[in-house]
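Same order as they appear, the protein sequences are chains E and Y.
Under our numbering, the first residue of the first sequence is numbered 1, with each subsequent residue one higher.
Under our numbering, the first residue of the second sequence is numbered 1001, with each subsequent residue one higher.
Honestly, the hints are just simulated from the structure, not real lab data.
Be a bit skeptical, because a hint or two may be false.
As the list claims (entries may be wrong) - Partner residues are not named here, just some residues of chain E that face chain Y (Cβ under 10 angstroms, in silico):
1. F9
2. L12
3. A17
4. A86
5. L89
6. T93
7. A162
8. A166
From a predicted model like this one, the values you see are computed outputs, not experimental measurements.
Note that the Cβ used here is the ideal one computed from N, Cα and C, for glycine as well.
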Amino acid sequence: MTLKEELRFIDLTARMALRADASTLVLGYVWWVLEPILYVAVFYLVFAVILDSPRADFLSFLIIGKLPFQWFSGGLNSCAMSISGAQALIGNTSIPKSLLVFSKLQQVTYKQVAVFALMAIYLVTQGSQLSLSWLWVLLVALAQYFFTATFAILGAVAVCYARDFARLIQMFTIFMMFTSGIFWDVRVLGPEMQALIFAFNPLAFLLDSYRQVLLYNGAIDVARLMLLIGAFSGLCAILMIFVRRNETRIALRVLSR
Amino acid sequence: MRGVDDDVLLSLEGVSFSYPVSAGLFTRYKIPVASDLSFSLTRGDRLGIVGLNGEGKSTLLRLIAGVIEPDAGEIVRKKNVSIALLALGVGFNPFLTGRDNAILSAVLMGRDQDWAQLQLTKIRSFSELGDAFDRPVRTYSAGMRARLGFSVAFNMEVDVLLIDEVLAVGDANFRAKAALALNQKLGKGQTMVLVSHSSSEIKRVCNRAIWLSKGCIQEVGDPDDVISAYEVFT
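Make a model of the complete structure from these sequences and hints.
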């Protein structure tokens, strides 16, 4: 397959799966935005109403943290079984395994486009000004895509070798949810701790960058962002090469269960 | 992988394979399913494979297709030769229409999306699904699903077609139609490896046969001779 054919494959299989998924639900595509709204509502109820968060802009703060995080957690969890769950397909075709991962990730990404649109509409209704500086979000999103894809491939391959990793992936996403500053602000920490978290948890940096652009009209650390894009696109490429070189070994792992 | 000469599309040389099975953290064992297999396939060959269940027939097809690799020995394929398993309903999603599934299945079997779109009229006609072609596959009977799967898979144009027990699909009329279509394909020189429990089918369709037992070749040669030996054994 050429790169163009692979991209078309990912797009087609993702769109078909989303269409099929929507057809199984009464509200169909409405769930693309309803699900994140309900997630935010639950978090808002707990942290703003019950725990009485002191932030005046807590809802906007929460939305800009939680909704991009859903892209990461949804991507990781749905990609976890993308190879090992495709036993029949793998047993009968020589389809590149990495395409199965990217197809799943693309499904989550298409949903995320709708979620980002919803997020933008909400912010505008809250008085935020649409501006060209919002385009920085595209760069942050690109970094998040590669970051998510790297862990998605790693997770999907690991699950082929031991299903136990699927549970670890769930635990990992919960860990990331609590350590990425979704319902608490990394910037209220001291500079040393803040630097430490940004250094060891790129997702915390990315969520903070979304907020800097969309909520505070602040500057983002472009150099660090470019470094993340370079590092994770590189890691992603290395993992894809590893998968390509081990196609039949991975297939055997899946088929011999 | 080195190529092979002339009309030899692929050859197996001393191929052995075992399925690794993991039973806990430290317990691993292997189930041998192919042992020292050697044969070749030339253009236009129609090779039948017979054997009891669990004797390694489907694994052999997967080895030939390149889905898995042998533990020992070598499978040499001619350069650029296309090999595909005729698998019914690969990647079918019951919540998509027959049309969508036809495209999806063709793409999953390695075909281009544009090519799949061009085949839709032929697939719809061959499958005899009529208006049901645009209904979700979950509303189909087992026979309708099999007809759609067969129509998609059979349209794949490959050098070596690997068929695993899928010719007996649909009702009697469709089976006759499928058999006729297969004969037409074979008449045009289609190379094929057919796994079947039906001795009569192997005799009717194939020009060579292999009897596989416990992963080893027990008999190879003329289908009548191989089937006779196999039937005496069973």
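Do the hints match the structure? See the list:
no.: 1; hint: F9; in the structure: 6 angstroms, holds
no.: 2; hint: L12; in the structure: 6 angstroms, holds
no.: 3; hint: A17; in the structure: 7 angstroms, holds
no.: 4; hint: A86; in the structure: 8 angstroms, holds
no.: 5; hint: L89; in the structure: 5 angstroms, holds
no.: 6; hint: T93; in the structure: 6 angstroms, holds
no.: 7; hint: A162; in the structure: 8 angstroms, holds
no.: 8; hint: A166; in the structure: 15 angstroms, violated
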